[in-house]
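There are 2 protein chains.
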Amino acid sequence: MNLLLFSTQDYTAENRVEIRCPEKLAHIADILKKGQGDCLKAGVLQGRLGTATIESFSREKAVLSVNLDSDPPEAPALTLVCALPRPKVFRRILFGATCLGVKKFHFIKTWRVDKSYWNSPLLLDTSTHTIFLEALAQCADTIMPQLSFHRLFKPFVEDILPDISQSTRKLLAHPYAQNPFPFNINQAATLVLGPEGGFIPFEIDLLEKGGFLPVSAGRRILSVENAVVSLIPRLYP
Amino acid sequence: MNLLLFSTQDYTAENRVEIRCPEKLAHIADILKKGQGDCLKAGVLQGRLGTATIESFSREKAVLSVNLDSDPPEAPALTLVCALPRPKVFRRILFGATCLGVKKFHFIKTWRVDKSYWNSPLLLDTSTHTIFLEALAQCADTIMPQLSFHRLFKPFVEDILPDISQSTRKLLAHPYAQNPFPFNINQAATLVLGPEGGFIPFEIDLLEKGGFLPVSAGRRILSVENAVVSLIPRLYP
Numbered sequence: 001m002n003l004l005l006f007s008t009q010d011y012t013a014e015n016r017v018e019i020r021c022p023e024k025l026a027h028i029a030d031i032l033k034k035g036q037g038d039c040l041k042a043g044v045l046q047g048r049l050g051t052a053t054i055e056s057f058s059r060e061k062a063v064l065s066v067n068l069d070s071d072p073p074e075a076p077a078l079t080l081v082c083a084l085p086r087p088k089v090f091r092r093i094l095f096g097a098t099c100l101g102v103k104k105f106h107f108i109k110t111w112r113v114d115k116s117y118w119n120s121p122l123l124l125d126t127s128t129h130t131i132f133l134e135a136l137a138q139c140a141d142t143i144m145p146q147l148s149f150h151r152l153f154k155p156f157v158e159d160i161l162p163d164i165s166q167s168t169r170k171l172l173a174h175p176y177a178q179n180p181f182p183f184n185i186n187q188a189a190t191l192v193l194g195p196e197g198g199f200i201p202f203e204i205d206l207l208e209k210g211g212f213l214p215v216s217a218g219r220r221i222l223s224v225e226n227a228v229v230s231l232i233p234r235l236y237p
Numbered sequence: 001m002n003l004l005l006f007s008t009q010d011y012t013a014e015n016r017v018e019i020r021c022p023e024k025l026a027h028i029a030d031i032l033k034k035g036q037g038d039c040l041k042a043g044v045l046q047g048r049l050g051t052a053t054i055e056s057f058s059r060e061k062a063v064l065s066v067n068l069d070s071d072p073p074e075a076p077a078l079t080l081v082c083a084l085p086r087p088k089v090f091r092r093i094l095f096g097a098t099c100l101g102v103k104k105f106h107f108i109k110t111w112r113v114d115k116s117y118w119n120s121p122l123l124l125d126t127s128t129h130t131i132f133l134e135a136l137a138q139c140a141d142t143i144m145p146q147l148s149f150h151r152l153f154k155p156f157v158e159d160i161l162p163d164i165s166q167s168t169r170k171l172l173a174h175p176y177a178q179n180p181f182p183f184n185i186n187q188a189a190t191l192v193l194g195p196e197g198g199f200i201p202f203e204i205d206l207l208e209k210g211g212f213l214p215v216s217a218g219r220r221i222l223s224v225e226n227a228v229v230s231l232i233p234r235l236y237p
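Chains as they are written, first to last, in the working numbering: chain A, 1 to 237; chain B, 1 to 237.
Source of the hints: derived by calculation from the structure; they are not laboratory data.
Same chains, same label: a pair holds when it works inside one copy or across any pair of copies.
Within a straight-line C-alpha distance of at most 30 Å, the following computed DSSO-like cross-link-like pairs (lysine-lysine) qualify:
#, residue 1, residue 2
1, K115, K34
2, K41, K115
3, K209, K104
4, K88, K24
Same shape as in the complex, but just chain A:
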């Protein structure tokens, strides 16, 4: 936890915050080894960040005086569209991409997405919310990402993706593509990633018809989770 995240409801007065979450209290005491008088990096969800001084600390409650003097880090203007992976990988993609600043996620059905993946409890709002909070606390950001699921490929690509990707650079990560993956693009982008095993030709055709350019970052084939984390910084270093 590199940032103590709290919400507007935790304010008890101006610049005064009470933390009662047992996990956060345990983390402050046991991992960060901080107590009364110590300073922490802190931020309010959807708002600014800065420092918090611990005025009093117990296992039930921490009282903090906060000084939030800076804006959250800039987010890349990227929309990530990803074939729904197996649950463990889903978690890592959400966590890793959120740490890199991605704020817009769309997970979609494709031919090679196993039906069982849609039943994972990790897809519930409460689970993804927790993953997002962990990632924001890791990367020291306060802005919650948005997440949608789309269970029908063709309607998504034909009816929803055009809106999502409007006025953005449309990129389709594809290990065997001829076009090189672009670097430092300085514009908004929509990046589509396939499942392990890749898109089927019909899916690639449909995405290309929608204006998406297949691009490859080289001969090495990365797992989806590593592809996400290695590709985003190339677009926005």
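Since chain A is already given, all that's left is putting chain B on it; use the hints.
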């Protein structure tokens, strides 16, 4: 598995290979759904890669005729020096960095490395060898990385690191550094990464004395595993 890796011992004649490993046979049949007459991407460990045609296939043995017509993908001229992380993260770093082509790994003791990490069975040669094989089969490479462990920080930095990093660009990844993380450096580099929680000031001083420049990739603080995967492509896109 994007590449069927075999070793020189698997040759029974020129361009003829027998696979008897039950996991590989199961993967070919059940995941890739390939059998007699089908083609696979294949490569020989430490050598070339190309295609293999399945001449005969059973649950005990596959006989392949191979045509290895290309060299393995280029590897970035990078030596990775990393504080030993907890075992789960160690596995992911090895896997992820190997997929990105790293061939030289050094895991070291630092102040914030938990002593228990050194007892993990994942550190055994047999375990790391398996992780490397999995990663090579994922990224379609044949060249085995090399791995060393160093259990004393000061002797490593003073006596071993100068040799390892000789004539390379010496970089110390540090979230709070002023210098920006370089891009597309076109030269050999040694990249040092700290543990979760970072290096202590004494360690940073010693590395700086050894010529390492602290560099930061931005305000966001990444977990070590995501830092590795996001930083390497910036050096060698």
